[in-house]
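Participant: If you read the protein sequences in the order shown, they are chains D and Z. For what it's worth, our numbering labels the leading residue of the first sequence as 3, then goes sequentially. For what it's worth, our numbering labels the leading residue of the second sequence as 3, then goes sequentially.
Hints in this document: simulated from the structure, not taken from any laboratory. Treat the hints with care, since some could be wrong.
Put simply, identical chains are the same to the list, so a pair is met inside one copy or across any two.
[As the list claims (entries may be wrong)] Lysine to any residue pairs mimicking SDA-like chemistry, simulated, CA-CA at most 20 angstroms apart:
no., residue 1, residue 2
1, Lys-198, Arg-230
2, Lys-198, Tyr-228
3, Lys-198, Met-49
4, Lys-168, Asp-129
5, Lys-174, Asp-150
6, Lys-174, Asp-129
7, Lys-168, Met-49
8, Lys-168, Thr-131
9, Lys-62, Glu-24
10, Lys-198, Ser-280
11, Lys-198, His-259
12, Lys-174, Thr-131
13, Lys-198, Ala-222
14, Lys-168, Ser-55
15, Lys-28, Asn-182
16, Lys-174, Leu-30
17, Lys-198, Glu-231
18, Lys-98, Trp-247
19, Lys-98, Tyr-262
20, Lys-10, Val-22
21, Lys-10, Val-40
22, Lys-198, Arg-303
Because the structure is a prediction, the values reported are computed rather than measured.
Number of protein chains: 2
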Amino acid sequence: MSFVDENKDARVLLVGLPEVVESELKRLGASTGDRIQVKPAPEVVAMDEAPASALRGKRKSSMRLAIDAVKNQDAHACVSAGNTGALMAISRFVLKMLPGIERPAIASFLPTLRGHTCMLDLGANVDCTADHLLQFAVMGSSLISAVDHIDRPSIGLLNIGEEEIKGNEVVKQAAELLRNSGLNFYGNIEGTDIYKGTTDVIVCDGFVGNVALKTSEGLAQMLAGYLREEFGRNLFTQISGAMAWPVINAFRRRVDHRRYNGASLLGLKGIVVKSHGSADSFGFRCAIERAYEEARHDVLRRISDRMATINRKAA
Amino acid sequence: MSFVDENKDARVLLVGLPEVVESELKRLGASTGDRIQVKPAPEVVAMDEAPASALRGKRKSSMRLAIDAVKNQDAHACVSAGNTGALMAISRFVLKMLPGIERPAIASFLPTLRGHTCMLDLGANVDCTADHLLQFAVMGSSLISAVDHIDRPSIGLLNIGEEEIKGNEVVKQAAELLRNSGLNFYGNIEGTDIYKGTTDVIVCDGFVGNVALKTSEGLAQMLAGYLREEFGRNLFTQISGAMAWPVINAFRRRVDHRRYNGASLLGLKGIVVKSHGSADSFGFRCAIERAYEEARHDVLRRISDRMATINRKAA
């Protein structure tokens, strides 16, 4: 069942080169109407284009027009599988930041032994201050409150040891800010805690978060490659693989990264969700659902309110 | 076959509380002699002891006496499964740094799709300069040259994108230094490249490296937990698990983390290898073998030589 069929109150605005959008709609046997509309765009941002060039040079790109639609309240959210840097730059320029938030962050959900956790920043900011990390905590906890209905999500600060004395200077200062923030600060956590699900939210700078995420991708690929090789080794292993197929399949469903597709660009005055560039239709649907949930549960207002509370407390 | 049986030129000096060492030897049916000797130590460093207190207060600890043995050339290398911070502090104080190296780094081997890679720093240094990263590259490439017999190991700089413009300031400067170093610098790599085995050596600051390593541990534990759950679900899955047992077992052997036990504390004027605190006898044997290989292939001289070449070049 498609996203549009399942969510009767949702409307989709498809922004792109008209011939491409129309041929895709035709291929899927879908037609435009009240709930599926097309907004033609004369150009697109290339995947390898410099963000600055996309921002200045392509004011009629599908990406720009989609974000403009959010700005003009023609859409509640924008979902894109395009160039991340350009999406970030254009979103920031067009939508501007929420009050009290200095920089946007990329947040994503990751599977854990207990369910899932929300981790940010995953690569938008490579040099963060302690204040930025505090703002990430506010944004992540607001997102979890909105979509998981948890009043005070627990927040872990990614560090290299649980002791308070550990970590670099920025992380130590951020821990101090978080302790006094009124947020539900769990304390320092280590890399092993991410997939244990120790906290609802994990805060880190974008360099560390990006490395952790991509290291995980690489490890999962290597393990999957090894498993394939071992099951493919000879006739006996192939038969045992066929026997174990329902189990392997159930396992694969549980760790299906497509279910976690859709990273939120948080901190903007508008909802923007980035899909993986290589997502299939199932993965892209998950990204659309993320945007839909954020709009439905008013993530932006929650971030603003929580940030205002903290700033009043600090003043 | 034990390490001592297999390596006829190796001698082992066991440093510890005499009653503990002797009862262990008795349990294993081993006896002291020419190749297994005991050096009694009256005290031990606790796992949670502050490094400074271990360094100043415990001058007769097993850890201190083992490192003293390296310093006094009674041993070619020290292997410890103890407190990492204390091991680092005592090693640095007793052994001192090799010329041109400012800080010790923790290096470890990780499995990849192609074999293995050596990654450093894994947590000794949380705030690194570009010069430190260059020194890590020298140490890692010397280690790989020694134990893998590769003349010019390729070096990847862990970053959040392959493009030269990406990354934080320290990483950008380090890339510049590496390009002019004469080392075989591959360029920036991403987290996904670690387990792909894109380069022989991976250089990063200790905060990032520690998070990447521990995130990997956590992910592997989660995936193993999921697999166990799926195979344990009901009688049918248990039977298919039994059928697939040889395959699963071959897979487990390939990713057995015990084979990668033994992290090298590099940059010191002596060989020190840190075993995981929870290593079993197989894991600890791997750590001993790492130390043995480093001593046999003269890692210290290689690091000094390579560092001197680079410093002459820079001067």
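Participant: All hints are to be evaluated individually against the structure, with a verdict given for each.
Facilitator: Against the structure, the hints come out as follows:
For the identical chains of this complex, Lys-198 and Arg-230 are inter-copy neighbours only, at 16 angstroms across copies versus 26 angstroms inside a copy, given an alpha-carbon limit of 20 angstroms. Taking identical chains as interchangeable, the C-alpha atoms of Lys-198 and Tyr-228 lie at most 20 angstroms apart only when they sit on different chains, with a minimum of 12 angstroms there against 23 angstroms within one chain. In the homo-oligomer, the alpha carbons of Lys-198 and Met-49 never lie at most 20 angstroms apart, since the shortest distance is 34 angstroms inside one protomer and 23 angstroms across protomers. For a Cα distance limit of 20 angstroms, the shortest separation of Lys-168 from Asp-129 qualifies both inside one copy, at 19 angstroms, and across copies, at 12 angstroms.
With identical chains, the CA atoms of Lys-174 and Asp-150 are never at most 20 angstroms apart, being 29 angstroms at best within one copy and 39 angstroms at best between copies. In the homo-oligomer, the alpha carbons of Lys-174 and Asp-129 lie at most 20 angstroms apart both inside one protomer (15 angstroms) and across protomers (12 angstroms), since each shortest distance falls under that limit. For a Cα distance limit of 20 angstroms, the shortest separation of Lys-168 from Met-49 across copies, 15 angstroms, qualifies, whereas the shortest one inside one copy, 39 angstroms, does not. With identical chains, the CA atoms of Lys-168 and Thr-131 are at most 20 angstroms apart both within one copy (17 angstroms) and between copies (18 angstroms).
In the homo-oligomer, the alpha carbons of Lys-62 and Glu-24 lie at most 20 angstroms apart inside one protomer (18 angstroms), although the nearest pairing across protomers, at 79 angstroms, exceeds that limit. In this assembly of identical chains, Lys-198 and Ser-280 lie within 20 angstroms of each other by CA distance solely across copies; the values are 19 angstroms between and 27 angstroms within a copy. Both within a single protomer and between protomers do Lys-198 and His-259 lie at most 20 angstroms apart by alpha-carbon distance, with minima of 17 angstroms and 18 angstroms respectively. In this assembly of identical chains, the alpha carbons of Lys-174 and Thr-131 lie at most 20 angstroms apart whether taken from the same copy (11 angstroms) or from different copies (19 angstroms).
Taking the shortest Cα distances, Lys-198 and Ala-222 sit within 20 angstroms of each other both inside one copy (16 angstroms) and across copies (11 angstroms). For the identical chains of this complex, Lys-168 and Ser-55 are inter-copy neighbours only, at 16 angstroms across copies versus 41 angstroms inside a copy, given an alpha-carbon limit of 20 angstroms. Taking identical chains as interchangeable, the C-alpha atoms of Lys-28 and Asn-182 are never at most 20 angstroms apart, the minima being 56 angstroms within one chain and 55 angstroms between chains. For the identical chains of this complex, Lys-174 and Leu-30 are neighbours neither inside a copy (53 angstroms) nor across copies (46 angstroms), given an alpha-carbon limit of 20 angstroms.
In the homo-oligomer, the alpha carbons of Lys-198 and Glu-231 lie at most 20 angstroms apart only across protomers (15 angstroms), although the nearest pairing inside one protomer, at 28 angstroms, exceeds that limit. Taking identical chains as interchangeable, the C-alpha atoms of Lys-98 and Trp-247 are never at most 20 angstroms apart, the minima being 49 angstroms within one chain and 56 angstroms between chains. Taking CA atoms no more than 20 angstroms apart as the test, Lys-98 paired with Tyr-262 passes in neither setting, with 27 angstroms inside one copy and 48 angstroms between copies. For the homomeric pair Lys-10 and Val-22, neither the shortest alpha-carbon distance inside one copy (26 angstroms) nor that between copies (71 angstroms) is at most 20 angstroms.
When the C-alpha separation of Lys-10 and Val-40 is checked against a cutoff of 20 angstroms, the pair qualifies only within one copy, where the shortest distance is 18 angstroms, while the shortest distance between copies is 77 angstroms. In this assembly of identical chains, Lys-198 and Arg-303 lie within 20 angstroms of each other by CA distance neither inside one copy nor across copies; the values are 30 angstroms within and 42 angstroms between.
In the structure shown, a violation is registered for the earlier hints numbered 3, 5, 15, 16, 18, 19, 20, 22, in ascending order.
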